[in-house]
Amino acid sequence: GAVVSQHPSRVICKSGTSVKIECRSLDFQATTMFWYRQFPKQSLMLMATSNEGSKATYEQGVEKDKFLINHASLTLSTLTVTSAHPEDSSFYICSAPKMGDSGNTIYFGEGSWLTVV
Amino acid sequence: QKEVEQDPGPLSVPEGAIVSLNCTYSNSAFQYFMWYRQYSRKGPELLMYTYSSGNKEDGRFTAQVDKSSKYISLFIRDSQPSDSATYLCAPAPGGFKTIFGAGTRLFVKA
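Which chain is which? The protein sequence lines are A and B, in order.
Its first residue numbered 1, the first sequence is counted upward by one per residue in this note's numbering.
Its first residue numbered 118, the second sequence is counted upward by one per residue in this note's numbering.
Note that these hints are calculated values from the structure, not bench results.
What you are looking at is a predicted structure, and each value in this text was computed from that prediction instead of being measured.
Virtual Cβ for every residue (Gly too), placed ideally from N, Cα, C.
Some hints could be false.
[To be verified] Here are the simulated distance ranges between beta carbons:
1) B:I135 / A:G16: 17 to 23 Å
2) B:D175 / A:E63: 19 to 25 Å
3) B:E174 / A:M45: 38 to 44 Å
4) A:K55 / B:Q197: 20 to 26 Å
5) B:Q148 / A:K14: 43 to 49 Å
6) A:L74 / B:S185: 25 to 31 Å
7) B:S143 / A:S54: 41 to 47 Å
[To be verified] Covered stretches of chain B, going by a simulated chain A footprint (3 or more residues, C-beta under 8 Å):
8) 139-145
9) 162-169
10) 181-191
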C-alpha cells in the first residue's frame, strides 16, 4: 500500500482562488519532503524542499509567495497555490525519504491534479 | 547544460525485446542513481537503486552506472506490454534531493 499519501488527487478551482494540497507520510516520520511539478509529457521539476519546523527551500525560479509550503509536523507537508491561474494547472507530486535499517528509500505520493479554470 | 540528459523517446519495441534506456549527467557529486517508472497520470515508483558505479540486477531489470563517463543505463529483458510506461532516471547527491531526467516513454507492443 501507499506509504506517502496526497490529497486531493484531483482539484478544480477558479482563477484567483487558493488551493491546498496535502502530503502525508503514513507510517514513518519525514523531517524533509519534496514538492515537484510535472506538466504533461514533461519530467518532474523540483519546486522546493519542505523542512519540518523551518522555512522551505525553493528552487530557482519558483515563487515562494505563490507556492506556500508548510511542514508543521513530521508526517505532514502542505503546498498552497495562492491566487491560482490557469498556467498553474499541473500535476503536483510530493516525495518523502524513509530511513530504514537496510537503507533509505524515497517514496512518492500518487500526485495531485490541479486544474485552474 | 542540463544536469541530467535523457532521450524522451518515444521508444517502441515488440514484446520480448531487450530494452536499453540511458541517461547522462554532468554533476560529479551524484552518488545515488535511481530509475523510476511512471504510468500515465500516476506518481513515479522506484524501480532500481544503485550506489556509485557498477551493475545491479533485479529480475528482468538491470541497472548500470559508469561514473567515469557519467552514464546511466537501465536494461529490461523479455519486455512485456505491462512495461509500457515512462522511465525516469534520477541521480542524486548524498541527500534526497532528486533530479529527474526528461523521462523516456516506452511502448511494448504485444
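Notebook entry, point to check: Given as covered by chain A, does the region 139-145 of chain B meet the bar of three residues or more with CB within less than 8 Å?
Noted result: violated (count 0)
Check: Cβ-Cβ distance between D175 of chain B and E63 of chain A: within 19 to 25 Å?
Finding: violated, 40 Å
Check: CB of E174 of chain B to CB of M45 of chain A, is that within 38 to 44 Å?
Finding: violated, 31 Å
Check: Does the region 162-169 of chain B contain three or more residues whose Cβ lies closer than 8 Å to a Cβ of chain A?
Finding: holds (count 3)
Check: Do Q148 of chain B and K14 of chain A keep their Cβ atoms within the hinted range of 43 to 49 Å?
Finding: Given a distance of about 45 Å, which is inside 43 to 49 Å, the answer is holds.
Notebook entry, point to check: Residue count check for the region 181-191 of chain B against chain A: does it reach three with CB-CB under 8 Å?
Noted result: violated (count 0)
Notebook entry, point to check: Using the C-beta atoms of K55 of chain A and Q197 of chain B, is the stated range 20 to 26 Å upheld?
Noted result: violated, 45 Å
Notebook entry, point to check: Can the suggested window of 41 to 47 Å be confirmed for the beta-carbon pair S143 of chain B and S54 of chain A?
Noted result: violated, 30 Å
Next item on the list: Please test the hint of 25 to 31 Å on the beta carbon pair from L74 of chain A and S185 of chain B.
Entry: This hint is violated: roughly 40 Å between Cβ atoms.
Checklist line | I135 of chain B versus G16 of chain A beta-carbon gap, inside 17 to 23 Å or not | finding: Because 52 Å falls outside the window, the suggested range is violated.
In the structure shown, a violation is registered for the earlier hints numbered 1, 2, 3, 4, 6, 7, 8 and 10, in ascending order.
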